Amino acid sequence: NAGVTQTPKFQVLKTGQSMTLQCAQDMNHEYMSWYRQDPGMGLRLIHYSVGAGITDQGEVPNGYNVSRSTTEDFPLRLLSAAPSQTSVYFCASRGHGDRGGYGYTFGSGTRLTVV
Amino acid sequence: KNEVEQSPQNLTAQEGEFITINCSYSVGISALHWLQQHPGGGIVSLFMLSSGKKKHGRLIATINIQEKHSSLHITASHPRDSAVYICAGPNFGNEKLTFGTGTRLTIIP
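Chains as they are written, first to last, in the numbering used here: chain A, 174 to 288; chain B, 6 to 114.
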């Protein structure tokens with residue numbers, strides 16, 4: 174059971190480039206979400222999904238796109254990278270039946286630098 | 006927007022001490038999450054609770070829905086408990102979490 178797999182772990186982009194951060198889970202979880210973590214600001218929700226084909230915006234969605242074509246995968250696309258998107262990105266998933274459990278399973282994170 | 010505040014921001018204690026970290030939120034919620042972020046950056050979910058109290062090993066989480074307050078306790082603290090502890094509550098929907106900025110805990114041997 175791999176849990177939540179995020180790739181890549183590190184990435185350097187030039188301003189204006191686009192890229193996709195991959196997130197996959199093998200736990201058949203309904204809920205998946207993307208967060209960014211910046212120093213002194215805590216985690217902030219970018220986008221989330223409550224099931225295949227359903228996505229919604231979080232607190233800081235501008236500059237990012239998501240799609241959820243399968244239960245397992247929830248990629249995050251940076252359309253035109255900007256230095257303000259330099260951050261550590263985390264993907265997480267949660268099963269519908271986890272109300273009595275521990276909540277979210279997090280990926281190991283992607284450290285993105287935009288120069 | 007649900008405002009989530011944690012205290013203290015930093016906490017240093019001796020090994021074996023009883024630790025309490027507090028979390029207050031502004032909007033009524035259905036469940037509150039406690040997370041642990043290791044020095045290496047990985048995040049682990051500790052608890053998701055909607056009422057009362059939960060215990061997992063030396064960790065205990067409590068929540069008072071009426072007072073909009075939750076606490077995380079660590080008994081018999083150990084240096085391996087050194088980490089950042091983060092609480093989070095839903096913001097207009099169970100999956101739209103708002104996070105506190107975390108409590109950095111350091112346990113000295």
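There's no promise every hint is true.
If we take Cβ atoms under 10 Å as the criterion, some of the chain A residues that face chain B in the derived model are [unchecked claim]:
| hint | residue |
| --- | --- |
| 1 | Asn235 |
| 2 | Arg267 |
| 3 | Tyr277 |
| 4 | Thr278 |
| 5 | Ser281 |
| 6 | Leu285 |
Since the hints were made in silico from the structure, they are not lab data. In this text the structure is predicted, and so the values were computed from the model without any measurement. Here a beta-carbon is modelled for each residue, glycine too, at the ideal position from N, C-alpha and C.
Against the structure, the hints:
1. Restraint check, Asn235(A) versus chain B: the minimum CB separation of about 16 Å is more than 10 Å; hint violated.
2. Nearest Cβ of chain B to the Cβ of Arg267(A): about 8 Å, under the 10 Å cut. The hint holds.
3. Contact between Tyr277(A) and chain B, as hinted, is supported at the beta carbon level, the nearest pair being about 5 Å apart and thus within 10 Å.
4. A cut of 10 Å between beta carbons decides the hint on Thr278(A): the least distance to chain B is about 7 Å, and the hint holds.
5. Hint status for Ser281(A) relative to chain B: holds, with the closest Cβ pair at about 6 Å, below 10 Å.
6. Taken as an interface hint, Leu285(A) does not check out: its beta carbon lies about 13 Å from the nearest beta carbon of chain B, beyond 10 Å.
The structure is inconsistent with the numbered hints 1, 6, although it conforms to all the rest.
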